[in-house]
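> Here's the letter readout for the chains.
There are 4 protein chains.
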Amino acid sequence: MAHRSGRHFLQIPGPTNVPDRVLRAMDRPTIDHRGPEFQTLGREVLEGVKPVFGTAGSVIIYPASGTGAWEAAIVNTLSPGDRVLMFETGHFATLWRNLAQRFGIECVFVPGDWRHGVPPDAVEQHLREDRDHTIKAVMVVHNETSTGVTSRVPLVRRAIDAAGHPALLLVDTISSLGSIDYRHDEWGVDVTVAGSQKGLMLPPGLSFNAISDKALAASKTNRLPRSYWDWEDMLKPNATGFFPYTPATNLLYGLKEAVAMLMEEGLENVFARHDRHAEATRRAVRGWGLEVLCAEPAEYSGSLTAVMMPDGHDADALRRVILERFDMSLGAGLGRLAGKVFRIGHLGDFNDLALLGTLTGVEMGLSAAGVPHRKGGVEAAMAYLEAGDAKQMAAD
Amino acid sequence: MAHRSGRHFLQIPGPTNVPDRVLRAMDRPTIDHRGPEFQTLGREVLEGVKPVFGTAGSVIIYPASGTGAWEAAIVNTLSPGDRVLMFETGHFATLWRNLAQRFGIECVFVPGDWRHGVPPDAVEQHLREDRDHTIKAVMVVHNETSTGVTSRVPLVRRAIDAAGHPALLLVDTISSLGSIDYRHDEWGVDVTVAGSQKGLMLPPGLSFNAISDKALAASKTNRLPRSYWDWEDMLKPNATGFFPYTPATNLLYGLKEAVAMLMEEGLENVFARHDRHAEATRRAVRGWGLEVLCAEPAEYSGSLTAVMMPDGHDADALRRVILERFDMSLGAGLGRLAGKVFRIGHLGDFNDLALLGTLTGVEMGLSAAGVPHRKGGVEAAMAYLEAGDAKQMAAD
Amino acid sequence: MAHRSGRHFLQIPGPTNVPDRVLRAMDRPTIDHRGPEFQTLGREVLEGVKPVFGTAGSVIIYPASGTGAWEAAIVNTLSPGDRVLMFETGHFATLWRNLAQRFGIECVFVPGDWRHGVPPDAVEQHLREDRDHTIKAVMVVHNETSTGVTSRVPLVRRAIDAAGHPALLLVDTISSLGSIDYRHDEWGVDVTVAGSQKGLMLPPGLSFNAISDKALAASKTNRLPRSYWDWEDMLKPNATGFFPYTPATNLLYGLKEAVAMLMEEGLENVFARHDRHAEATRRAVRGWGLEVLCAEPAEYSGSLTAVMMPDGHDADALRRVILERFDMSLGAGLGRLAGKVFRIGHLGDFNDLALLGTLTGVEMGLSAAGVPHRKGGVEAAMAYLEAGDAKQMAAD
Amino acid sequence: MAHRSGRHFLQIPGPTNVPDRVLRAMDRPTIDHRGPEFQTLGREVLEGVKPVFGTAGSVIIYPASGTGAWEAAIVNTLSPGDRVLMFETGHFATLWRNLAQRFGIECVFVPGDWRHGVPPDAVEQHLREDRDHTIKAVMVVHNETSTGVTSRVPLVRRAIDAAGHPALLLVDTISSLGSIDYRHDEWGVDVTVAGSQKGLMLPPGLSFNAISDKALAASKTNRLPRSYWDWEDMLKPNATGFFPYTPATNLLYGLKEAVAMLMEEGLENVFARHDRHAEATRRAVRGWGLEVLCAEPAEYSGSLTAVMMPDGHDADALRRVILERFDMSLGAGLGRLAGKVFRIGHLGDFNDLALLGTLTGVEMGLSAAGVPHRKGGVEAAMAYLEAGDAKQMAAD
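Chains as they are written, first to last, in the UniProt record's numbering: chain A, 1 to 396; chain B, 1 to 396; chain C, 1 to 396; chain D, 1 to 396.
Since the hints were made in silico from the structure, they are not lab data. From the three backbone atoms N, C-alpha and C, an ideal C-beta is built for every residue, glycine too. Check each hint, because a few of them may be wrong.
[Stated by the list, open to error] So, partial list: chain D residues that the calculated Cβ filter (under 8 Å) puts toward chain A: (1) Asp20; (2) Arg24; (3) Ala272; (4) Arg276; (5) Glu279.
[To be verified] Capping the alpha-carbon separation at 25 Å, the derived lysine-lysine pairs in BS3-like fashion look like this: (6) Lys50/D <-> Lys340/D; (7) Lys375/D <-> Lys375/C; (8) Lys236/D <-> Lys256/D; (9) Lys236/A <-> Lys50/A; (10) Lys375/B <-> Lys375/A; (11) Lys256/B <-> Lys256/C; (12) Lys256/A <-> Lys256/D.
Could you put together the complete structure from these sequences and hints?
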């Protein structure tokens with residue numbers, strides 16, 4: 001690649017722009033993973049991530065991508081032939097279903113239009129109808145990275161409870177954790193799946209399972225073979241700060257720093273910042289006369305916005321123009337949305353001016369690619385950010 | 001300082017945003033400055049910087065700030081009591097004059113309005129009147145960092161020649177080198193003064209003197225004491241890649257990388273990029289209904305734009321609001337312009353979206369600070385960048 | 001931890017001392033793993049690692065520790081109830097056996113004394129006796145990290161061939177790859193398991209499966225469920241430089257640099273260097289009057305040396321003293337060797353003076369910990385290194 | 001340069017091995033040197049360095065090499081024609097004399113044998129004889145980097161006082177500060193000159209003047225022209241954390257970290273560590289049957305040891321062999337000692353095993369280069385370090 005002046009705008013919905021503090025924290029010699037210095041680190045990160053998940057319980061850290069944590073959630077809790085309830089909220093829900101099927105899980109996969117989240121009433125209805133409790137788990141993607149739709153996990157929880165059903169609740173927070181309000185304990189989630197490369201602002205390479213006592217109990221009796229992903233193998237050495245096999249030490253250095261950054265900013269502020277940037281982005285989208293994919297305002301995502309292309313225009317052609325001319329990466333439409341939407345990531349280490357730089361890139365790209373649109377998207381976003389900011393200042 | 005999410009926008013006219021490639025190049029152990037590995041490095045940087053200055057002659061590299069290179073230019077060429085011709089183009093011309101006076105130089109300092117560059121006809125006139133050639137040097141700040149005005153050095157050269165005057169031509173390119181077209185040899189400059197922290201994209205800590213044979217000859221007979229800045233002491237070990245005292249090795253690592261980046265992009269493209277960003281910025285300024293300080297279009301600066309505040313509004317209050325709310329640093333008005341202008345740096349490692357992020361910060365800041373202005377600046381900049389980009393694409 | 005002056009000596013047998021070049025290569029922003037810049041990187045690393053494995057075939061790269069690559073080798077080739085032949089060469093052979101058993105593999109685990117490698121004649125005998133070819137794989141740990149014994153894979157291959165047995169050959173090279181001569185294709189290995197944090201000089205977090213056509217064929221019909229580790233899912237996107245899920249991008253940056261370093265030095269030189277350092281270490285051990293654990297000179301390890309403690313002396317007490325007084329980490333005795341041996345890692349990014357610094361730390365540590373020994377170990381190592389060096393110089 | 005495995009041993013007496021903590025601290029974007037974040041940094045470093053100098057007064061920080069700080073000490077305190085008293089303790093004393101002469105200072109330069117420090121009685125005698133107080137300053141190199149001899153500054157102070165002479169005391173601590181006990185205030189030093197690249201563990205590029213009230217008073221009336229080095233220009237903005245011209249911001253990041261490291265270790269421990277390593281080195285030298293250049297035990301240097309070559313053997317040939325074979329840089333003999341001594345730096349970020357690695361390199365190098373010597377140097381050093389360590393442990 002020829003040299004390009006300036007910093008690339010990485011506005012896919014993850015991996016996100018890794019902040020210098022995290023990169024520098026990782027840029028240190030690896031240490032003995034069985035020595036006392038590591039032990040201190042191990043304890044710090046194992047304890048430190050808990051509030052990010054909203055849990056007082058255990059969080060397992062894998063040297064793996066998020067897909068590995070998906071697999072871990074399944075192989076530790078389910079058995080071949082088990083039924084699970086899932087909803088087709090988008091590409092990643094579909095992929096998780098596919099993964100589960102590989103392990104012999106029978107998936108009740110309720111079709112969806114990829115513009116809505118998990119419908120709580122459908123959860124309740126399916127579970128009520130499952131009188132024999134053959135459904136062992138409800139598996140929900142909290143924030144569908146392919147669509148920018150955030151399912152309302154508390155309502156899913158309430159639906160399960162209303163149905164009086166004992167199913168486990170497994171939730172994928174890969175693109176929500178550290179960006180969108182999430183509470184493992186309070187919402188009664190049994191396994192929370194997460195990854196390092198989104199709201200946690202790390203490079204990819206770590207993934208997580210936060211686990212409830214109920215999930216842990218399930219892992220004692222379920223019948224899927226496992227070793228790398230085995231919770232019990234992990235929990236034992238974790239108790240003293242160690243890991244059963246070589247951990248990804250340098251990513252743990254980064255994790256410690258990333259958690260510190262989230263705590264310094266304050267999780268509530270982190271979530272509010274993401275919400276504000278998401279709303280500014282949606283106003284820009286409407287300013288351009290385009291449509292946000294997410295059809296339900298209560299399910300708008302704080303971490304990304306998927307934008308629908310006008311008929312007859314290819315999102316990938318637009319993305320290519322924007323990458324070439326403005327050195328910005330946007331997310332592609334995935335699966336059945338290929339070519340039909342592009343996705344703007346506004347999560348992780350981000351601020352107002354970077355968001356607006358992003359939106360100017362989209363606005364100019366729409367012109368450059370000959371996509372019909374109105375001007376004024378950036379202006380609408382600025383107007384919102386100014387006002388929101390003014391309101392916040394007044395409240396201080 | 002509390003943690004702020006996202007990357008700071010450092011849009012002062014230098015130090016500029018140091019690119020990761022340069023930071024990473026510097027992030028290496030220091031080596032023996034008398035050993036063979038250093039020798040290779042020394043030769044590479046001493047040779048490598050020459051095209052950036054547009055010279056085939058010697059470039060001296062000091063472990064020092066630009067102010068040191070100002071001093072070096074003087075103590076190597078002039079003697080106490082010498083007269084020099086200078087023009088009050090702004091704050092830095094004034095500071096350089098002050099520095100020269102400290103060394104007993106008598107400065108003919110032609111007053112100016114801080115909105116224009118060096119007037120070539122005045123150069124010619126002053127030199128013609130100096131029949132006894134008591135003026136030993138004409139000292140010009142190529143790009144006045146305090147005003148965003150770029151003096152036309154080729155016209156100054158022509159004026160000196162037209163007057164048939166033997167004065168040396170000393171030029172400060174601290175905020176132009178690597179950003180604005182500059183040619184030490186072709187323009188007949190005798191000493192070019194430069195620093196590392198602007199167009200060269202390095203942290204501060206290196207500065208430069210590119211020197212002509214005529215300047216070198218002057219250094220053999222002038223009468224100012226010197227040691228650290230002495231050219232002759234430098235040139236001898238430089239011939240084999242070494243330095244007379246410990247050089248700033250890690251900054252030299254960065255210099256090698258920065259020169260490589262400039263060459264990869266191509267100096268002509270670098271200058272064109274700066275011009276394009278400067279024009280976009282001026283269009284934004286006019287879109288806001290504000291005035292660019294530089295009064296002469298032929299002297300617009302490619303590296304920064306100074307913007308005049310409406311009467312009764314304080315530029316520093318505006319800058320404070322922008323720093324607090326939008327995490328962006330802008331340049332203050334200096335000297336007699338304090339509070340009356342703010343300066344937008346658009347030099348160094350930069351691109352369209354970062355420029356537009358910068359301009360959105362100014363536009364929102366004007367609102368937030370209650371500075372009367374029109375909306376539409378950012379839009380005007382986008383329109384220009386799109387069009388300019390389209391033109392460039394057409395030309396490809 | 002209180003500040004300690006100077007650089008820690010990380011002389012465990014991995015993770016190894018990550019060189020600055022690799023750390024700096026990783027210290028860069030993560031890029032879009034679906035974009036063209038990543039594609040170039042993906043192709044480079046997928047192609048670049050092949051010569052390190054001595055293969056022209058495919059190498060799978062996992063975002064995982066070596067344990068994951070162990071699991072991958074099994075779940076892609078074997079089925080529940082399959083029999084495999086393994087040898088108790090040490091702790092890691094035992095752990096791999098345990099892992100296989102978790103997946104329902106029946107392990108013929110031939111007992112060993114932890115001082116020898118895999119006996120080729122026993123391989124042949126077991127396979128000859130297996131007339132029905134119920135044994136599906138021979139699983140060998142090339143270099144036993146727990147003992148410093150290197151099994152002779154070419155002899156194992158010859159034994160399998162001599163028995164005319166169709167078993168797959170799976171080899172763990174976690175602590176040999178990039179340190180000890182290894183040839184996946186030439187030696188007819190079917191699956192080579194490797195990790196990033198030893199001879200490859202990277203932090204932990206990547207692991208590898210190099211696979212033969214025969215192994216790939218086995219993966220088409222075997223019956224272990226898998227998703228994260230699935231070769232076929234990997235190979236398809238790998239063909240164009242991509243990965244089926246988010247790869248550990250920053251570790252791939254490091255991998256590219258590490259492979260470049262190995263190639264610059266030359267693999268033959270890399271192996272010779274490790275052999276030379278291993279021999280120097282053994283001479284030191286004998287100089288101290290202590291015994292090397294490895295009982296067979298033809299099986300001495302190039303990457304680490306396990307040293308037996310005199311009876312009645314605790315290796316962990318010695319290691320603690322050395323860590324506290326001399327800031328050096330040594331490897332512990334593992335499993336049945338706990339407390340009885342300590343292990344000196346001399347692999348990865350290493351040189352003569354660092355090795356000797358290491359050996360001085362052991363020699364002084366023996367004194368400090370009151371372990372009976374003779375002086376003269378370091379001197380013997382120096383004598384060998386000087387002479388070996390002289391020989392090499394003469395040969396140049 | 002071809003790739004060499006392992007870390008280079010940089011054992012010249014500065015620049016020293018820059019620790020990762022310092023490199024990483026510097027590896028951050030440059031900030032606005034006129035903004036509030038810089039102000040905090042400026043205050044921290046200006047205050048933080050004071051205890052390292054042993055002063056409660058002002059320390060000036062220059063973006064320059066140590067040579068610049070030499071010049072600064074002179075141009076701020078002396079006037080052309082002033083007489084100063086200096087002693088020929090080695091190469092750097094000679095260079096400082098030369099520099100002073102450039103500025104018209106008349107140097108009484110008492111000859112020396114380059115094996116002793118400044119003789120306090122000679123100081124007293126010269127000053128007593130200077131009844132008219134024509135000598136304006138006594139200029140002393142605390143630790144002669146060219147010889148490894150440390151002059152006893154407290155005795156020099158006492159000599160000046162005994163003579164009742166008002167001369168200023170200027171001391172160069174370039175290779176002692178942060179390594180050898182030094183107390184600006186307590187010893188009544190007027191200007192302390194220092195640099196960043198030795199005991200301060202930074203890359204080169206910063207230098208220092210710690211100044212007494214008496215020195216400051218002298219600067220108000222002395223008659224050497226100056227601007228870059230002017231104390232008064234510095235002190236004014238320093239009072240609020242700023243600098244009169246662009247400071248070397250990234251080196252200041254490093255300075256903050258380096259000072260933190262010195263404080264964490266404790267200055268007394270830092271000095272004791274250097275002394276201990278110096279004694280171990282001298283024992284090694286004697287073990288080899290070679291001679292330490294420093295002839296006076298009370299003047300042994302804690303930061304480096306200069307070793308005399310046997311007659312007829314060239315130190316530079318030895319150094320070349322050691323660099324080529326063992327990848328270690330040692331210091332050359334300078335000036336009249338060229339080829340006759342080599343210098344071992346044992347200062348800065350260093351520890352026992354790195355020192356012993358260094359000494360093994362020298363011992364093997366002596367063999368490789370055919371320099372007559374005895375074995376046993378390394379062994380003697382080990383014996384000392386063990387014992388010293390045991391003593392320290394006993395004391396704990």
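> Hint by hint, note whether the structure agrees.
Comparing the hints with the structure gives:
1. This hint holds: Asp20/D has a C-beta 6 Å from the nearest C-beta of chain A, less than the 8 Å allowed.
2. Annotation: interface hint on Arg24/D holds; nearest CB of chain A at approximately 5 Å, less than 8 Å.
3. The closest approach between the C-beta of Ala272/D and any C-beta of chain A is roughly 24 Å, which is over the 8 Å cut-off, so the hint fails.
4. Taking 8 Å as the C-beta contact cut-off toward chain A, the hint placing Arg276/D at the interface is violated, the least distance being around 24 Å.
5. Because the beta carbon of Glu279/D sits about 29 Å from the nearest beta carbon in chain A, more than 8 Å, this interface hint is broken.
6. With a C-alpha separation of about 38 Å, the suggested pairing of Lys50/D with Lys340/D is violated against the 25 Å cut-off.
7. For a cut-off of 25 Å, the pair hint linking Lys375/D to Lys375/C stands: about 14 Å separates their Cα positions.
8. Straight-line distance between C-alpha atoms of Lys236/D and Lys256/D comes to about 21 Å, which keeps the hinted pair within the 25 Å bound.
9. Using a Cα cut-off of 25 Å, the hinted pair Lys236/A and Lys50/A holds, with the two alpha carbons roughly 17 Å apart.
10. For the hint pairing Lys375/B with Lys375/A, the CA-to-CA distance comes to about 14 Å; that is within 25 Å, so the pair holds.
11. A distance of roughly 22 Å separates the Cα atoms of Lys256/B and Lys256/C; the hinted pair therefore holds under the 25 Å criterion.
12. Our distance criterion of 25 Å between C-alpha atoms is met by Lys256/A and Lys256/D, whose separation comes to about 22 Å.
In this structure, the earlier hints numbered 3, 4, 5 and 6 are contradicted, and the remaining ones agree with it.
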